[in-house]
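K.L.:
Here's the letter readout for the chains.
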Amino acid sequence: MMTLDAVGIHRQARVIMIDGGQKVRSYLNTLGIHIGDWLTVVQRAPFRGPVLVEIHGTRVALGRGVACKIQVDLDGVIDKLSGRLEAVEAAE
Amino acid sequence: MRFVLAGQPNSGKSSIFNSIAGYRSATANFPKSSTSFTVTKSLVAGREVEVVDLPGIYSLTSSTEIAGAAERYLLDESYDLIINVVDASRLGRSIELTLQLLQLGRPTIVALNMMDEARRRGIEVDREELSKELGVPVVATVSRFGRGLKQLFRESLRHAVMAEKPAPPIYDLEVETAISSAIDVIDGIDPLPGVPIRLAAIKLLEGDPHIGARVDAIDATLRSELFEVTARLEEAHGWSADQVVSGSRHALAHTIEDSVVTHQDTSEGWREWADRLLLNQWTGGPLMVMILAAFFWMVFGIGQRAEAPLVEAFNWIQGSVADQFPAGSLSATVADGLVMGLAGGVAIVLPYLIPFLLGLAILEDTGYLPRLAYILDSFMHRIGLHGKSVLPMVLGYGCSVPAIMSTRILESEKDRKITAALTSFIPCSARTVVIFGLVAAFMGPVWALAIYLLNILVIVVLGTVMAKQMKGASPGLVLEIPELSLPEPKTLIAKTWLELKEFITIAWPLLIASSIVLGVLEWLNAADAINALLSPLTVFLLGLPAAVGMTLVFGVLRKELTLVMLVQALGTTEVNTVLSTQQLLTFTLFVVFYVPCIATIAVLAKQMGWRGAMAISGLTVVVAIVISVAGRLIYGLFV
Numbered sequence: 001m002m003t004l005d006a007v008g009i010h011r012q013a014r015v016i017m018i019d020g021g022q023k024v025r026s027y028l029n030t031l032g033i034h035i036g037d038w039l040t041v042v043q044r045a046p047f048r049g050p051v052l053v054e055i056h057g058t059r060v061a062l063g064r065g066v067a068c069k070i071q072v073d074l075d076g077v078i079d080k081l082s083g084r085l086e087a088v089e090a091a092e
Numbered sequence: 001m002r003f004v005l006a007g008q009p010n011s012g013k014s015s016i017f018n019s020i021a022g023y024r025s026a027t028a029n030f031p032k033s034s035t036s037f038t039v040t041k042s043l044v045a046g047r048e049v050e051v052v053d054l055p056g057i058y059s060l061t062s063s064t065e066i067a068g069a070a071e072r073y074l075l076d077e078s079y080d081l082i083i084n085v086v087d088a089s090r091l092g093r094s095i096e097l098t099l100q101l102l103q104l105g106r107p108t109i110v111a112l113n114m115m116d117e118a119r120r121r122g123i124e125v126d127r128e129e130l131s132k133e134l135g136v137p138v139v140a141t142v143s144r145f146g147r148g149l150k151q152l153f154r155e156s157l158r159h160a161v162m163a164e165k166p167a168p169p170i171y172d173l174e175v176e177t178a179i180s181s182a183i184d185v186i187d188g189i190d191p192l193p194g195v196p197i198r199l200a201a202i203k204l205l206e207g208d209p210h211i212g213a214r215v216d217a218i219d220a221t222l223r224s225e226l227f228e229v230t231a232r233l234e235e236a237h238g239w240s241a242d243q244v245v246s247g248s249r250h251a252l253a254h255t256i257e258d259s260v261v262t263h264q265d266t267s268e269g270w271r272e273w274a275d276r277l278l279l280n281q282w283t284g285g286p287l288m289v290m291i292l293a294a295f296f297w298m299v300f301g302i303g304q305r306a307e308a309p310l311v312e313a314f315n316w317i318q319g320s321v322a323d324q325f326p327a328g329s330l331s332a333t334v335a336d337g338l339v340m341g342l343a344g345g346v347a348i349v350l351p352y353l354i355p356f357l358l359g360l361a362i363l364e365d366t367g368y369l370p371r372l373a374y375i376l377d378s379f380m381h382r383i384g385l386h387g388k389s390v391l392p393m394v395l396g397y398g399c400s401v402p403a404i405m406s407t408r409i410l411e412s413e414k415d416r417k418i419t420a421a422l423t424s425f426i427p428c429s430a431r432t433v434v435i436f437g438l439v440a441a442f443m444g445p446v447w448a449l450a451i452y453l454l455n456i457l458v459i460v461v462l463g464t465v466m467a468k469q470m471k472g473a474s475p476g477l478v479l480e481i482p483e484l485s486l487p488e489p490k491t492l493i494a495k496t497w498l499e500l501k502e503f504i505t506i507a508w509p510l511l512i513a514s515s516i517v518l519g520v521l522e523w524l525n526a527a528d529a530i531n532a533l534l535s536p537l538t539v540f541l542l543g544l545p546a547a548v549g550m551t552l553v554f555g556v557l558r559k560e561l562t563l564v565m566l567v568q569a570l571g572t573t574e575v576n577t578v579l580s581t582q583q584l585l586t587f588t589l590f591v592v593f594y595v596p597c598i599a600t601i602a603v604l605a606k607q608m609g610w611r612g613a614m615a616i617s618g619l620t621v622v623v624a625i626v627i628s629v630a631g632r633l634i635y636g637l638f639v
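Respectively, the protein sequence lines represent chains B and H.
If you're matching positions, the first sequence starts at 1 in the numbering used here and goes up one per residue.
If you're matching positions, the second sequence starts at 1 in the numbering used here and goes up one per residue.
Treat the hints as calculated values from the structure; they're not laboratory data.
For every residue, glycine included, the Cβ atom is placed at its ideal position computed from N, Cα and C.
Among these hints, one or two may not hold up.
Stated by the list, open to error - Only some residues are given here: those of chain B computed to face chain H with a beta carbon under 8 Å:
id: 1; residue: 1
id: 2; residue: 2
id: 3; residue: 3
id: 4; residue: 11
id: 5; residue: 22
id: 6; residue: 28
id: 7; residue: 40
id: 8; residue: 47
id: 9; residue: 48
id: 10; residue: 56
id: 11; residue: 60
id: 12; residue: 61
id: 13; residue: 66
What the hints assert, rightly or not - Here are the simulated PhoX-like cross-link-like pairs (lysine-lysine), alpha carbons at most 25 Å apart as the crow flies:
id: 14; chain 1: H; residue 1: 41; chain 2: H; residue 2: 132
id: 15; chain 1: H; residue 1: 471; chain 2: H; residue 2: 150
id: 16; chain 1: H; residue 1: 414; chain 2: H; residue 2: 490
id: 17; chain 1: H; residue 1: 132; chain 2: H; residue 2: 165
id: 18; chain 1: H; residue 1: 490; chain 2: B; residue 2: 23
id: 19; chain 1: H; residue 1: 606; chain 2: H; residue 2: 414
id: 20; chain 1: H; residue 1: 606; chain 2: H; residue 2: 468
id: 21; chain 1: H; residue 1: 468; chain 2: B; residue 2: 23
id: 22; chain 1: B; residue 1: 23; chain 2: H; residue 2: 471
Stated by the list, open to error - Estimated spans, in silico, between C-beta atoms of each pair:
id: 23; chain 1: H; residue 1: 193; chain 2: B; residue 2: 17; range: 47 to 55 Å
id: 24; chain 1: H; residue 1: 124; chain 2: B; residue 2: 21; range: 37 to 45 Å
id: 25; chain 1: H; residue 1: 145; chain 2: B; residue 2: 74; range: 20 to 28 Å
id: 26; chain 1: H; residue 1: 513; chain 2: B; residue 2: 48; range: 35 to 43 Å
id: 27; chain 1: H; residue 1: 9; chain 2: B; residue 2: 10; range: 25 to 33 Å
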């Protein structure tokens, strides 16, 4: 388990927990980020800038402050989101 | 008959609205709120239909001021049909909102929009299957090209006449149990009149503060019973109740998506390539500088080429008009004022304004602005804000009024106030015209660029100070980055024209009238009194001729007026023959920073109260004096 701001570019991670108040949580939820979702880190801006993630075909920029509230689990370097999810579920 | 267009941001909702909005579309305010929406009347199969365009919302929870206003409209107002615009290329996330809308129990139809975009990304949606899953009609559309819209509105009308209410979506068992327990608790008290009790129960489980307060007001003892219900739900899942409910909706949305969507592999297009460079940690920043520099040079290049021959032509006209009247008479003064007012608009303002507005529309329509917010996020953190504040601030380069209004997209009040204050310092297109018309034209573009950079520096300092002074936490950046797109020439022109129309119909007549008034005041020697009154500032501090005093007074009405009034006050369009470069620079610096125009003060007052607006205006004068005096001294010493 680690926080999203520490995840490297092109790596996939699964959301385990969202810390912080209900406001942040519900805001992330409305943008389609929920516990259990897989996301890919697409870019990381320099100077502690935001993290760009791809989730359900949408790209969302998350400031470092927000990203460090999202606890994730890593599972290696992955190419395609949809293919991965099935593989993981089969393994489970 | 009234239809409401509801959908998530970037779903193409506005282009559906624009396709049927005639010239009679009007902006209206939400009840009990200053947030506005657009309404239009249109004929559908011979019937007059009113269509309301709500702002884009991600969900039916009030996370921002705008979303709250849209939510209240959907809950409280009367309408016949909801047209839910859904982005086919992001179906799962889009129908999370649909599932919430269906809980409203009002007749609903889904416009499955952006079908072309979905196909490009290898996504095929089974429209009939989706309709079956949701229990409402689904019409496929490509709103950008107007495809399917006729059918959408005909189907909408038919559905609205039948007034068939949709069945609410069913969530998983634990949530359903909790919902029915909550319904039992609030049964009979009707906390949200006109809203299905099931929706009220769901909102209570989600911890909606608004309806929670209403229940408290009716019977405070019910709160503890509701607390038990949410506690049971939380125990079963180990998450907070709001996350359980939203997670359940999320799961349902994605189950529906999986059953109606087939994916195909697609190759990368230019959009992905461009994004890789634009957002890359090494190339993103330099490319941003290059794009903004190109924008600057484009405005300057076009403006300068167009300005010179126009100014020459007006000088000739001015000369020949002056010959028609006896020198020194009132009629000569009025005629001269009229010509100067016209010349100011055509020859000095329009050459810079048109390319500037067009460029800003291109930046907006390509989707580059959210990318700018992403790149500048860490920079904005340094001044106590975050990336999203970039959006109002960039709009501020166009016009301060809509820019300050758009600070409503920010979640925290502290961010809204600081951003609104800083936005009033950003040189709007009117001030840009002064910078280009005086400094760039007579001193060279590098000097104009220096003024913009100095302005940014001042904003950084002010922002840092304000952020330290004000309390409150900022939630940080959470922003969707939509796909890049090629701007449509038609919408670009329409956007530019809309802004330009504002100048031509409101600012220009004011410009011409003020020019004549100034001429007459001068003829009556009344201008001298005001100029004398301002001379401690203009002559002593700024080292300018006393005649510019009046121009600064007119500038409070609209900033373009300073330039045109300057032309009128000095009696020539070639101001460099009267003013030295040092004076041009000092004058421009003062104009860029001092008091935002009346319209901006009014909108600031609406946003943060009269005291705040007055405090900011006072601050701008102090900053303007400090900067322009410093500029004058430094220029005098070194150049």
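K.L.:
All hints are to be evaluated individually against the structure, with a verdict given for each.
P.N.:
Here is how each hint holds up against the structure:
1. The beta carbon of residue 1 (chain B) comes no nearer than 15 Å to any beta carbon in chain H, farther than 8 Å, and the hint placing it at the interface is violated.
2. The closest approach between the C-beta of residue 2 (chain B) and any C-beta of chain H is roughly 18 Å, which is over the 8 Å cut-off, so the hint fails.
3. The interface hint given for residue 3 (chain B) is violated, since its Cβ lies 13 Å from the closest Cβ of chain H, which is over the 8 Å cut-off.
4. For the restraint placing residue 11 (chain B) at the interface with chain H, the shortest Cβ-Cβ distance is roughly 15 Å, beyond the 8 Å limit, so the hint is violated.
5. Interface restraint check: residue 22 (chain B) against chain H, minimum CB-CB distance 6 Å, threshold 8 Å, status holds.
6. Annotation: residue 28 (chain B) was flagged as interfacial toward chain H, and the flag holds, the nearest CB pair being 7 Å apart, inside 8 Å.
7. Interface hint status for residue 40 (chain B): violated, as the beta-carbon distance to the closest one in chain H is roughly 13 Å, over 8 Å.
8. A hinted interface residue such as residue 47 (chain B) counts as satisfied when its beta carbon comes closer than 8 Å to some beta carbon of chain H; here the least separation is about 4 Å, so the hint holds.
9. Using the Cβ-Cβ criterion of 8 Å, the hint placing residue 48 (chain B) at the interface with chain H is satisfied: the shortest such distance is roughly 6 Å.
10. About 5 Å separates the beta-carbon of residue 56 (chain B) from the nearest beta-carbon of chain H, less than 8 Å, and the hint is met.
11. With a least beta-carbon distance of about 5 Å to chain H, the hint placing residue 60 (chain B) at the interface is held under the 8 Å criterion.
12. The interface hint given for residue 61 (chain B) holds, since its Cβ lies 4 Å from the closest Cβ of chain H, which is under the 8 Å cut-off.
13. Because the closest C-beta pair between residue 66 (chain B) and chain H is about 4 Å apart, less than 8 Å, the hint holds.
14. The hinted pair formed by residue 41 (chain H) and residue 132 (chain H) fails the criterion: a straight-line CA distance of about 31 Å is larger than 25 Å.
15. For the hint pairing residue 471 (chain H) with residue 150 (chain H), the CA-to-CA distance comes to about 52 Å; that exceeds 25 Å, so the pair is violated.
16. Between residue 414 (chain H) and residue 490 (chain H) the CA atoms are separated by roughly 38 Å; this puts the pair beyond 25 Å, and the hint is violated.
17. In summary, the hint linking residue 132 (chain H) to residue 165 (chain H) is supported, as the alpha carbons are separated by about 15 Å, within the 25 Å threshold.
18. Distance restraint check for residue 490 (chain H) and residue 23 (chain B): the Cα-Cα separation of roughly 40 Å exceeds the 25 Å cut-off, and the hinted pair is therefore not satisfied.
19. Only pairs whose Cα atoms come within 25 Å are accepted, and residue 606 (chain H) paired with residue 414 (chain H) is accepted, the gap being roughly 16 Å.
20. A hinted pair counts as satisfied when its Cα atoms are at most 25 Å apart, and residue 606 (chain H) with residue 468 (chain H) qualifies at roughly 24 Å.
21. At roughly 23 Å between alpha-carbon atoms, residue 468 (chain H) and residue 23 (chain B) fall within 25 Å of each other, so this suggested pair holds.
22. For the proposed pair residue 23 (chain B) and residue 471 (chain H), the alpha carbon gap of about 18 Å is at most 25 Å, so the pair holds.
23. With their beta carbons about 38 Å apart, residue 193 (chain H) and residue 17 (chain B) fall outside the hinted range of 47 to 55 Å.
24. Checked against the hint of 37 to 45 Å, the C-beta distance between residue 124 (chain H) and residue 21 (chain B) comes to roughly 40 Å, which is consistent with it.
25. The hinted range of 20 to 28 Å is not satisfied by residue 145 (chain H) and residue 74 (chain B), whose Cβ atoms lie roughly 42 Å apart.
26. The beta-carbon spacing between residue 513 (chain H) and residue 48 (chain B), approximately 53 Å, falls outside the hinted interval of 35 to 43 Å.
27. Between residue 9 (chain H) and residue 10 (chain B) the beta carbons are some 27 Å apart, a value that agrees with the proposed interval 25 to 33 Å.
Of the numbered hints given earlier, the model fails hints 1, 2, 3, 4, 7, 14, 15, 16, 18, 23, 25 and 26; all others are met.
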